Amino acid sequence: MLTFINESTDPFYNQAFEEFVFENYAEDDVFYLWQNRPAIVVGCYQNICREVNVHALRRRGVPVVRRMTGGGTVYHDLGNVNYSFMLRADGALDYDHFLDPVIAALNRMGIPAHRNRSCDIAIGDKKISGSAQKAAGGRILHHGTLLFESDLASLDAFTAHAKNDAFQTKGTLSAICTVTNIRDHLSEPMTIAEFRSRLLAEVLPANHVCVELTDEQRAQVRKLRNEKYRSWDWTWGKTPAFSYEREGSFAGQPLHVAYRAKKGVLSDACIESPFIDAERAAQLLNGSRLDPDGLRKICFGLAGERAQELMEYLM
-15 MLTFINESTD
-5 PFYNQAFEEF
5 VFENYAEDDV
15 FYLWQNRPAI
25 VVGCYQNICR
35 EVNVHALRRR
45 GVPVVRRMTG
55 GGTVYHDLGN
65 VNYSFMLRAD
75 GALDYDHFLD
85 PVIAALNRMG
95 IPAHRNRSCD
105 IAIGDKKISG
115 SAQKAAGGRI
125 LHHGTLLFES
135 DLASLDAFTA
145 HAKNDAFQTK
155 GTLSAICTVT
165 NIRDHLSEPM
175 TIAEFRSRLL
185 AEVLPANHVC
195 VELTDEQRAQ
205 VRKLRNEKYR
215 SWDWTWGKTP
225 AFSYEREGSF
235 AGQPLHVAYR
245 AKKGVLSDAC
255 IESPFIDAER
265 AAQLLNGSRL
275 DPDGLRKICF
285 GLAGERAQEL
295 MEYLM
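First residue of the sequence shown? That's -15 in my numbering, and the numbers climb one at a time after it.
In short, the hints are calculated from the structure, not lab data.
Small disclaimer: the values here were computed from a predicted structure and weren't measured.
Hints may be right or wrong, so weigh each one.
[As the list claims (entries may be wrong)] Straight-line distance between alpha carbons at most 30 Å, and here's what the computed DSBU-like set of lysine-lysine pairs gives:
(1) Lys222 x Lys246
(2) Lys118 x Lys247
(3) Lys246 x Lys281
(4) Lys246 x Lys207
(5) Lys247 x Lys212
(6) Lys110 x Lys212
(7) Lys281 x Lys118
(8) Lys246 x Lys212
(9) Lys247 x Lys281
(10) Lys247 x Lys110
[As the list claims (entries may be wrong)] So the derived label-pair ranges between C-beta atoms look like this:
(11) Cys194 x His39: 34 to 44 Å
(12) Pro238 x Ser171: 54 to 64 Å
(13) Glu186 x Asp109: 17 to 27 Å
In this text, a Cβ means the ideal position worked out from N, Cα and C, and glycines have one as well.
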């Protein structure tokens, strides 16, 4: 089994790193740990705007990253440890095969973890880990989170309380679960660095090989990061088709907003308000991309100094 050294905390780079390893070390079994600075990571088949408050994230400077596996939305920060398994398999998704060794390792470390639902790990009735999988080329990628000392207030604010039901979509919806940090359940204190080190020692076999990517390989990972994971096409263009409708009050008067989107492109857009030119709104919005920066510019064109107020209703 191989394990990889990856000290990056760039969430875009780390998604590209994982894909690079999965595609280029196809003959090897892999297990490694990694961490992200604060970021929202959404499943491949999710609607970002349905799952999180995009405006709150932008105000806090927290990026959104789309991963290549399915499943729900998760919040990452440096108090969270992520793990990735890559094993040869017949293509059938099997969570037991991957969760069992992680749970056993945690138990040997004195952490009373157990399986909860199909792909979660919990302590008591509170979740400490969610996971997702992808099968390709006779192998399965399984990755998961481990909440060690994460900022649970931010996790809750950005995910659990940010669902926007104005978006009607067939995309994957995240489950809302009560969570806890592993650190709060330790019998003896442990730093997150110690936790990482002990977890690796418990999971990896004695004959494992430690690998560090070459400069040329890291350049390929950066290229993948920039061309795919930072791109509009991947992040927003992959959004499943949806319809959106919302009513409210704009400048003290009734407001109605509605549109559809497919492959991240808006259609059938309508804004009804005494303060908005409906015809111009339709012209600007129809054919535009589901993109916070682009839509904000449109809102400035329609509402001037009230652009942010209108933007809050638009996505």
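Cβ-Cβ distance between Cys194 and His39: within 34 to 44 Å? Between Cys194 and His39, where Cβ atoms are some 42 Å apart, the hint holds.
Is Lys246 close enough to Lys212, meaning Cα to Cα at most 30 Å? holds, 19 Å
Restraint check for Lys110 with Lys212, where alpha carbons must lie at most 30 Å apart: violated, 35 Å
Checking one constraint from the list: CA of Lys118 to CA of Lys247, max 30 Å. Satisfied? Distance ~22 Å between Lys118 and Lys247 Cα, so the pair holds.
Whether the CB-CB distance between Glu186 and Asp109 falls inside 17 to 27 Å: Roughly 24 Å apart at Cβ, these two residues keep to the hinted range, so it holds.
Hey, Lys281 versus Lys118, does the alpha-carbon distance stay inside 30 Å? Not satisfied, since the Cα-Cα distance of roughly 37 Å exceeds 30 Å.
Satisfaction of hint between Lys246 and Lys222, Cα-Cα up to 30 Å: Within the cut-off at roughly 9 Å; holds.
Would you mind confirming whether the straight-line C-alpha gap from Lys246 to Lys281 stays at or under 30 Å? holds, 21 Å
Does the structure keep Lys246 and Lys207 at a Cα separation of 30 Å or less? holds, 27 Å
Range hint 54 to 64 Å: satisfied by the CB atoms of Pro238 and Ser171? holds, 58 Å
Lys247 paired with Lys110 [C-alpha distance capped at 30 Å]: violated, 36 Å
Hinted pair Lys247 and Lys281, Cα distance within 30 Å: The given pair, whose Cα atoms are some 20 Å apart, holds under the 30 Å limit.
This entry does not satisfy hints 6, 7, 10, going by the numbered hints stated previously.
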